[in-house]
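Protein chains in written order, with the numbering used here: chain A, 1 to 183; chain B, 1001 to 1184.
Keep in mind that the hints were calculated from the coordinates and are not lab data. Here a beta-carbon is modelled for each residue, glycine too, at the ideal position from N, C-alpha and C. Don't take every hint at face value.
[Said to hold, decoys possible] Derived list of chain A stretches under chain B, where covered just means 3 residues or more per stretch with a C-beta under 8 Å from a C-beta of chain B:
id, segment
1, 93-103
2, 158-165
[To be verified] Lysine to aspartate or glutamate pairs mimicking EDC-like chemistry, simulated, CA-CA at most 16 Å apart:
id, chain 1, residue 1, chain 2, residue 2
3, B, 1145, A, 50
4, B, 1162, A, 11
5, B, 1028, B, 1044
6, B, 1056, A, 38
7, B, 1162, A, 50
8, B, 1028, B, 1013
9, B, 1132, B, 1171
10, B, 1174, A, 25
11, B, 1028, B, 1149
12, B, 1056, B, 1013
13, B, 1053, A, 50
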Amino acid sequence: MTLMPCAEFEDRILDLVEHQLAVGERPAVEAHLEVCADCGEFARELTALDAALTRELDAPVLPADFDARLWRRIEAESAPRPAADCVERKRQIEAEFAAQLRSLRAPAHWLPAILDGAAYAVLAVVAGLLLMRWAPELAALLPKSLPAGGRDWLLAGGSTGVFLLVGVGAAFRRQLGQAMGWR
Amino acid sequence: MDDDIQERLAAQDWRAAFGMLLERYRDKVFRLAFSLLRDETQAEDMTQDVFIKIWKGLPGYHGGASLSTWIYTITRNTCLTELKRRAAHPTISLQDPAIEEVTDSIPAMQTTDPESGAEMDVQVMLARLPEKYRRVITLFYLEQKAYEEVAGMLSIPLGTVKTLLFRAKKELLKMAARRPVPVA
Chain A
1 MTLMPCAEFE
11 DRILDLVEHQ
21 LAVGERPAVE
31 AHLEVCADCG
41 EFARELTALD
51 AALTRELDAP
61 VLPADFDARL
71 WRRIEAESAP
81 RPAADCVERK
91 RQIEAEFAAQ
101 LRSLRAPAHW
111 LPAILDGAAY
121 AVLAVVAGLL
131 LMRWAPELAA
141 LLPKSLPAGG
151 RDWLLAGGST
161 GVFLLVGVGA
171 AFRRQLGQAM
181 GWR
Chain B
1001 MDDDIQERLA
1011 AQDWRAAFGM
1021 LLERYRDKVF
1031 RLAFSLLRDE
1041 TQAEDMTQDV
1051 FIKIWKGLPG
1061 YHGGASLSTW
1071 IYTITRNTCL
1081 TELKRRAAHP
1091 TISLQDPAIE
1101 EVTDSIPAMQ
1111 TTDPESGAEM
1121 DVQVMLARLP
1131 EKYRRVITLF
1141 YLEQKAYEEV
1151 AGMLSIPLGT
1161 VKTLLFRAKK
1171 ELLKMAARRP
1181 VPVA
């Protein structure tokens, strides 16, 4: 036999059985259950099922020593410190990052940079003048066995090297300072 | 609802906050774990793991979600991870026909309704329900038929709880009577 409760009453019968139906709706549903055999049977079966489920589905209970065991685990793992440390470390990193960001966004101070540039330019000019002034003497110091063209190339390479060093020093002054531990 | 715990958290009094939280949510977390895992011992182990996670996570909890939502989310995720682990390393299942045969023969698994006289193997029938129905109906009865509580614990709308519950009951009636009941 197929049980066919009336579709419009199904939900309300369930609510009635579970005591969830609004008081105002109860009379209509109860009156319907008295005249409709299928819905009446459906309500009786739902009530029996509800009683069986209430009886059978007992809430399991945790053992009495649950809390004690949990606290022992917590103590053993000393859990809060690492978590607190992580939060503190995260705050430090964020603060450092924010400070770096502020320094990058700060207006550039042009005067020190201009003075730096001028100093390196003067240094390069002095080095050039010295090279020009002492070039013949430096050429005389080179071994006689070298051909004349070789001496010229050696001088040109040497002077280029000096200017390159000055240029690299100017360009990477801050990095060089950090690498060498200068302030 | 959890204002007292929130106050302790704001004061960074983790131990006091955790103590209050444990007292308030211990049994609910256990029942949620039980409804998801269907195993009391594993549910107890998972409850321990959940509270360890909560303890470790307390300093990072900033109140974005309500405390209960946060706790139930940790519980569901922990249990679902366990279920995935179980699926990867299967042992035995109540759905296994061989196991069903044994459980059907255990008198303790059967109950007789005093009014109708109909025999209802409630636990066996529950085990045969589709998972989504079984979770809702189990939790509904474990939580003393509190719809809102079940919706919050499973993070599903209240209407969905009612629908799943209704369908679950119709399925159970169909099993009990061994006659087809139309499922909406």
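- Task: Just pull the numbers of the violated hints for me, sorted ascending.
- Result: Of the numbered hints, 1, 2, 6, 8, 10, 13 do not hold.
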